[in-house]
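Assembling the complex is the task here: the two chains are given apart, and the hints tell you how they should meet.
Residue numbers (the working numbering), protein chains in the order written: chain A, 1 to 124; chain B, 1001 to 1242.
Keep in mind that the hints were calculated from the coordinates and are not lab data. None of the values given here were measured: they were computed from a predicted structure. Some clues are possibly wrong.
[Claimed, not checked] A few chain A residues facing chain B, derived, Cβ under 7 Å: (1) Q23; (2) E26; (3) A30; (4) V38; (5) L45; (6) L79; (7) H81; (8) E101; (9) R112; (10) L115.
C-beta atoms are modelled at their ideal positions from N, C-alpha and C, and glycine is treated no differently.
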Amino acid sequence: MTTDHDVPSTRVRTLEQIVKHDQTWERMAARYRVTNPVPPWKSSLDAMCDALDEEGAALPLLTRRDDEDRLSREVYSSLPHPENQLVALAHSLVTRNVIDEAELADRLEAVRARLDAAGATHEP
Amino acid sequence: MAETDLGGSGHDTHEHAGTAPMVEEVTDFEVLEIALRELAIEKGLFTAEDHRRYTEHVEQLEPAAGSRFVAKAWLDPDFRQLALDDAIAASQEMGVDWLHPTGFGTPSDFTAFEVLEDTPTVHHVIVCTLCSCYPRPILGMSPEWYRTPNYRRRIVRWPRQVLAEFGLYLPEDVEIRVEDSNSKHRFMVLPVRPAGTEGWSEAQLAEIVTRDCLIGVALPKPGVTTNATRPLHPARRPVAGD
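Bound conformation, chain B alone (with noise of 0.2 Å):
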């Protein structure tokens, strides 16, 4: 087995400073991937030529899609109210096509998208309760708290108390509307643009609209411009059968 370069030196060409490029070491992870998808391949559940491109696809995707999206909806009114009207258009316009890869968009990635609008009373949080739907094409791949029960079960029960753990206190008189997504139906949120942005150029604005800002499980802020680090704890009573 290769040994790699702990001391961090590089090898002849390449110098990474304390850091290697990869682990020189096959895992067993690794191994059971690889050998999961050949034999699908092998029974025709789908082909390499599939395989292909849908990594290809999935290795494409992020959030900045999303925030460049806000940030324009923000600046430009005609925009904005495309973004509400037919937000699949609104996507196109900011080079999003919600049919890739498949021409009517994989089962995770289905084409029904609504953008849903904040105002300083009513505020907006996504989740899929079922699964682990998500708009991928415009916000990557889901954060990992979004696919555990912990989250999917709990946000539609108790939004307040959920939100409260992200750091997001909402007033009691703003009202917490909690999306439900499914195969058929993705949404992001709009967020109320923050005081303190006033004249921001739209890259300045999409700098502060992070991913959660999209889920809604934050709010946008001047200076904040990544998502908070959070631990993942299990159920303490999970839901038998669930």
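Chain A on its own, in the form it takes in the complex (with noise of 0.2 Å):
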């Protein structure tokens, strides 16, 4: 585990490519006109916060809102909440190796394409 000090300055640069991509729920719920005040994953992410708590020891309670509270302050100032609680969590998760990132990249590329791949056989 890294030291609390790394977790911020260490770049997550698969992390800064979503943020850079900028698909945050306000504007996406805008674009498409959806009344939802959250997005649709928020309530699967509350839970996965939940089960971490409960369940394991990789990242405690007080070491997560720690890291979201800095992390959303120092990294991903420009998020709205719950896309920086998200990020945050999963700049946790690398930086303090319970995930590795290009394990995390190669994982994001292969749920993309199933979830295109759904979308796709519902083309008109």
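And the structure:
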């Protein structure tokens, strides 16, 4: 595990790309005229945080929340909530060596391909 | 990538009068949430069943239970006494089980719960200075501002000023008590029943007990049934390492 000091100063380029793409719920909801105040993945993210807090010791609650505070302020200040909560969680898990960044990048690609393929089957 | 119906006319069987049911585009954030969850499950940090159970729990939470709780306490002296003596038992009477879903509360929904009774001269407000502990079984998920270092840090130092920023101006002779939640203790405010509500039913009273009243940053008022919306500002002089 890295020291607390390293967490905000360690760059996670995979996440930087996501921030740069800027598909925040605020923008997407406006574009598609959707009125849901929060993105559809919000409750799943909250449950993931609960499950991490409850079921394991990989990322203790106070460490997770402290990282989230610092990262939201120092690294991901351009992101609104809950996008900053999600990206901060990913940043914590990568920089604390729970998840490898290359492994995360591969999985992002695989999930994206899977979801886009599912979407394509519904194309008119 | 699928095109959404930006004209708002709906597709063949769904009409939504100018709004769409959901964003028809896979966003990077949605992909990230799924990728993280899958990797966490594969690494054994939790199981898919754990995650499903917590998601179901989170989605069931709402502040209405707290509103009904207060309305009942205003009308029923026995319930009010039970609420003050054993808030967990009083919650159960309202259908809220603090032991759900794990049998002993999640770390962020621990079973020690206390109701803080306001009086005409004492006002309570809750916070979690360490993170964002909140009485979720009875109030639902915390509002975004409750999680911010700005609120958490300042409400304990300058409560009267911070409450004024919420539009709550308390007279100098009203003492303000800030209760700091933690992983062992959760709190909810029992406000004073406002004038002008004589003869009201429990349902009528519950309507004016908004989430903000239960946190203590607002007071119930006849005619006011929603929380005020407010912009979020980062702390101007953040404390290093906080």
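Structure-based check of each hint:
no.	hint	verdict
1	Q23	holds (4 Å)
2	E26	violated (11 Å)
3	A30	violated (10 Å)
4	V38	violated (9 Å)
5	L45	holds (6 Å)
6	L79	violated (9 Å)
7	H81	holds (5 Å)
8	E101	violated (11 Å)
9	R112	holds (5 Å)
10	L115	holds (4 Å)
In the structure shown, a violation is registered for the earlier hints numbered 2, 3, 4, 6 and 8, in ascending order.
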